[in-house]
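Undergrad: So you can see what is in the structure, the chains are spelled out below.
Protein chains: 2
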Amino acid sequence: MAQTQNQKDLAHARTKTSFDVSNMTRYLYAGPENVEQRRYIIDLIAREPIFNKDDWAWLNHTDAVKRGIAMSARLAEIKMEHELNDLDFATMCEIIDDTLPILLHNGAFIPVINSQGTDEQIEKWIPLAEKFQIIGCYAQTELGHGSNLSQLETTATFIPDTDEWEINSTSFTAAKWWIGGLGALCTHAVVQARLSINGKDYGAHVFVVPIRSLEDHKPFPGIEVGDIGPKAYGGFNKMENGFARFHKYRIPRDNMLMRFSKVSRDGVYIKPPHAKLSYGSMVLLRSVLIRQMGQYFSRATTVATRYLTVRRQFNNPTQRNDSDLNPDLETQVINYPMVQNRLFPMIAQSYALFAAGQVMMEMYIGLMTGLSSGDIAALAEVHATSSALKSYCTTIGAAGTEECRKLMGGHGYSYFTGLSHLFASIVPSNTYEGDNYVLTQQMARYLLKEIKIAKVEPEKVTPYSKYLLQALDKNAFGRTHCSVTRPEDWLNPKVQLAAFEYRSARLAFELHDAVEQGGQDPAHLKTWSDHNIECYRVSHAHAQYVMVRWFIQSIEEAQNSEEEERRLQSPGVKVLESLSHLHALHTMQTNLADFCEDGYLSPSQCQSLRAQVKALVASLADEVVGLVDAFDHPDFLLNSALGAYDGNAYQRLWDKAQSEPLNRKEVCDGYEEYIRPLLKKHGELKL
Amino acid sequence: MAQTQNQKDLAHARTKTSFDVSNMTRYLYAGPENVEQRRYIIDLIAREPIFNKDDWAWLNHTDAVKRGIAMSARLAEIKMEHELNDLDFATMCEIIDDTLPILLHNGAFIPVINSQGTDEQIEKWIPLAEKFQIIGCYAQTELGHGSNLSQLETTATFIPDTDEWEINSTSFTAAKWWIGGLGALCTHAVVQARLSINGKDYGAHVFVVPIRSLEDHKPFPGIEVGDIGPKAYGGFNKMENGFARFHKYRIPRDNMLMRFSKVSRDGVYIKPPHAKLSYGSMVLLRSVLIRQMGQYFSRATTVATRYLTVRRQFNNPTQRNDSDLNPDLETQVINYPMVQNRLFPMIAQSYALFAAGQVMMEMYIGLMTGLSSGDIAALAEVHATSSALKSYCTTIGAAGTEECRKLMGGHGYSYFTGLSHLFASIVPSNTYEGDNYVLTQQMARYLLKEIKIAKVEPEKVTPYSKYLLQALDKNAFGRTHCSVTRPEDWLNPKVQLAAFEYRSARLAFELHDAVEQGGQDPAHLKTWSDHNIECYRVSHAHAQYVMVRWFIQSIEEAQNSEEEERRLQSPGVKVLESLSHLHALHTMQTNLADFCEDGYLSPSQCQSLRAQVKALVASLADEVVGLVDAFDHPDFLLNSALGAYDGNAYQRLWDKAQSEPLNRKEVCDGYEEYIRPLLKKHGELKL
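From first to last, the protein sequence lines are chains E and C.
Using full-length UniProt numbering, the first residue of the first sequence is number 1, and each one after it goes up by one.
Using full-length UniProt numbering, the first residue of the second sequence is number 1, and each one after it goes up by one.
Treat the hints as calculated values from the structure; they're not laboratory data.
Treat the hints with caution; some may be incorrect.
The list cannot tell twin chains apart, which means a pair is met if one copy fits it or any two copies do.
Below, a list of computed lysine to any residue pairs in the SDA-like style, where the Cα atoms sit at most 20 Å apart [as the list claims (entries may be wrong)]:
1. K218 - N663
2. K494 - Q559
3. K681 - L128
4. K656 - Y645
5. K526 - R342
Predicted model, so just to flag it, every value in this text is computed and none were measured.
Take these sequences, add in the hints, and give me the full structure.
TA: The following block contains the structure:
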């Protein structure tokens, strides 16, 4: 069959890419072996009929949950058949492109037992879980409590007579809520409940609670359990998020996970040695989210870039128009500067997110290595960094995905872009694992502590807070100015980092001063919450600084790698450097007031910054299709009529419409019942 | 039954409101008669079982479309039974809270015939349409063309022999696409097609095209028609958006609407007297969208305000905690400054949108009165204003609705907030009726023309562009400074308006200079598209100015009204003034770089602006529940478990979950088939 114009346009765009796309892919995934492993996993999934996505658009929640259960079971089998590890399992879940109830089994149930169970408990539960002889979930959130763990209302009361815990939902709002896998799939749950002995409350602890019979899957007496209903935007449709109320439900004492806190047979409570040891799992969850955000957001930019390359609208003869193709054709939408200036910075952000995900995971692994030998020195910085980045990255990832969808104009509102499904899956990450606003308090608190340290023991300031030192001289603020004089100065990474460092330091010190002042002036006494808006600003400023720094760093490393397969060849490096500049300068432009309100940037610098952003955007016009190809997302994953690799957007959109079940009938359901009586109300009409 | 704590909290919050809520409602709807009429319409709808929303969460697209057809038919009957006018019909559609295929019959089919048909054509078609003996839709967009009307690929070729038009989809991408009502419901369509006589192309014209037989509703031979499939986020689920391909399909010559252009029996084409006469309908559609945005967005702020008033999280003893209720309770989430500073400015925006919708509709009516007597003087300004405001208002309305949903934290991701359905319905307005980015070129072009006029005939500058005059002295920029010296100066509407005027003028003149320069320097020749980013900034700056001005103006008018029923009593006026200040200053803060990058605001003014916004937010804490009650949205409309009037959020969320169809079974579908085999793969397990 002859190529459509759409296909020609995308193929033609690919000829212009200046760099080797495969090499770029190896850079993004930190080496060829990771690229190969991901492709191997994709192939495992894509060939299985149960993971076919063709009818997803038409499933209601009831049917979708059943599908989710079937997919979950098959996923478990594949994991066992191919002896895949947890990282591969996570990759499978990403490729499947829907959140399944089995996810929490490997993502939370097993890790919690592994980290909080004693050796005996691990030996008892983990082999069963690994072989899926039991299926678990993680039950923390309640109807009345999410963020505030210490006020959970589920209790676990020690019953000395029988050596048991009595799990109880003390009130209506104590019902566990939102628990993935609890509504239908799981046999067991690890449940957060407030431990109580002899009327004394010891706070939240973790218990392994059998939920459904291994005989017939019926919920045990004393547990009221079910699905909480559909989610926003049709998101998590195949996930059954469950609720559970416990009515004085008994479990053995030994089902409390006792690696840290313990309760003896005679009801004596033994405190954990270090209260923060469980922070590791929070850091992991947030680091994974940051890494995922690169995956997710890059899918959105891939789809938008391809579709906007093949969509043509208006013949704008003075506009760059690929006249080597055919001067009579309308202009490709991607050639409009407005479109480029919205889209290309998001491609740069996607790349920055890949780099951030990589470094964050390395930081986490370093932390865990330290912790395992009792070294908690890095904990505070890593925890704060993962919090700040989780908040920032998931915010821009969700908002950017919706922006990509809107960039696609009218057809962007079709389900068949794939992007509404993607957004619906991403956006809860803005509120779970720490609400993105509440979470920013972590980094703010951390920086305030670092300021105190900087004043007395400057050598102890941690690597990513070193910029605070420059600012110990109070006169720095309002008197420091950006050094840019010529447009090309903006392309100096040192200049970029200096700007982000100065701005973060200024905001951190302003917060510091406000907190000190607020605590001292009795007439205007302020509490921590009064500063939370500023915490948000400080934390995002720091996160942006870290993102800019890590992206720059990852390019330097790729350039200087001694291993040829990891090394980025020119001109790939040139393109990456342009992306990094664009990422830094566009982020600055988007938050311009922070940089200019105290005169750090002068009026003419603001103007030249905007001009430089536009110039960088324009310079990437021939590269963007290659840049998104390098993300290596196969059509199966994108599931997008408009963003497929071949660019055949209109044909695919047409074909999708033909598969619409409504179109199987020549006359629609409801005609005889509703339409005909209306049309004939005033008698027969002949026209 | 005893009140739940949730109910107590909301009831208690209501006792604090300082103003009369009913009086505020009358202000919002511009008089008691409008409030009454709206309530009458709500009652008509809410009592009909077919409009019940209880099972909406579980309908797939197939079932939803059938429901949409049933609802459409009933809506038509109610309109006839109660002899409702088009405005009432539009209100009904808003109350129903879903976009139905019948909407385009009264919203586009009838208006297009009325405005573009000859008297004879109106006499022929309109009575049939009014009695729903035919049902129509409006077919403009094609698979390959949306924004660019002039390149539509559907043709209407005159066939002299039979005195007919041959409607033809000349290519694959000529298929009409996205056409509401075309997929299943309609019998007729008004179709935009390029008129061709004797091989000569006369551009797009409008034709009445029979689609389905009045006998049996089957599509006529030569028309390939169907539904294009589901939409993003489950939006427009009950709407069938259709496609159609015409295969040399014949209709009588007289089916061309000939009020302006005409074609005679012998194939002579007669041009319309004035090309812009059809702008009126575009202005109307955009004005309606602006008015709707107040309705929609205020529903989101209502739901969020009520839920955040009853949600309690963390016991923050130093935080304002309604200790008159019970000091042991956790803090109401709405009492956290971070939450207030996100939510309250959106309540202010909702009020500003109500005011803007009101004034915009008045402007439209004024324009039409003028046009009907041949006066086109106001056309350009009204058209540009409606374009700029449509772009700005639908952008903040959609983004704000999603922000309200996220403000609700974890439970915000439940379908039962009602807000995801709302967002899914609002967000296509960002791309239809003129893409929000493309549309900003209208206002930019207009302001550039006004600058030219200002230079030669300053007295001819239109009312909303008068601010350009102050800036004719080029030295004004970079040397003008905001007059604020004391915090209370920010509360002067003149100061606020001066800031918005100065900023708009600066951006408009910068654009003007760039366009002049770009056209002159051959080395850096720029086209209009190169300036589109700046057009966007200019247009939104102007839109914000107009919004601030209209909100201020509407309060002044309410205060000075001679009719007691329309007049706002103190302290209602005080609260409204605070809202207006907050709206203006928060908008300024959100776009701070525009105001400070050239030194118009000094560093200390930036600081004091932020402080003033915080102070205004804090001052509204006791008023917000009353302010959202005043929107007068009944529970039927909100369809929100979390935002109902009684505040009983947890109970309603629980009840909704119990109605989940999945929960009818003790053991889920798929257990025997998928879960059991997995659990038993390694043999029976006894625990």
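Undergrad: Next step is simple, just say for each hint if it's right about the structure.
TA: A quick look at each hint next to the structure:
1. Within a single copy, K218 and N663 get their C-alpha atoms only as close as 40 Å, which misses the 20 Å cut-off; across copies the closest is 13 Å, which meets it.
2. Proximity of K494 and Q559 under a CA criterion of 20 Å is satisfied intra-copy only: 17 Å inside one chain copy versus 57 Å between copies.
3. Taking the shortest alpha-carbon separations for K681 and L128, only the inter-copy value of 11 Å comes in at or below 20 Å, while the best intra-copy value is 67 Å.
4. In the homo-oligomer, the alpha carbons of K656 and Y645 lie at most 20 Å apart inside one protomer (16 Å), although the nearest pairing across protomers, at 42 Å, exceeds that limit.
5. Only between protomers do K526 and R342 lie at most 20 Å apart by alpha-carbon distance; the minimum there is 19 Å, versus 40 Å within a single protomer.
Violated hints are absent here; each numbered hint is respected by the structure.
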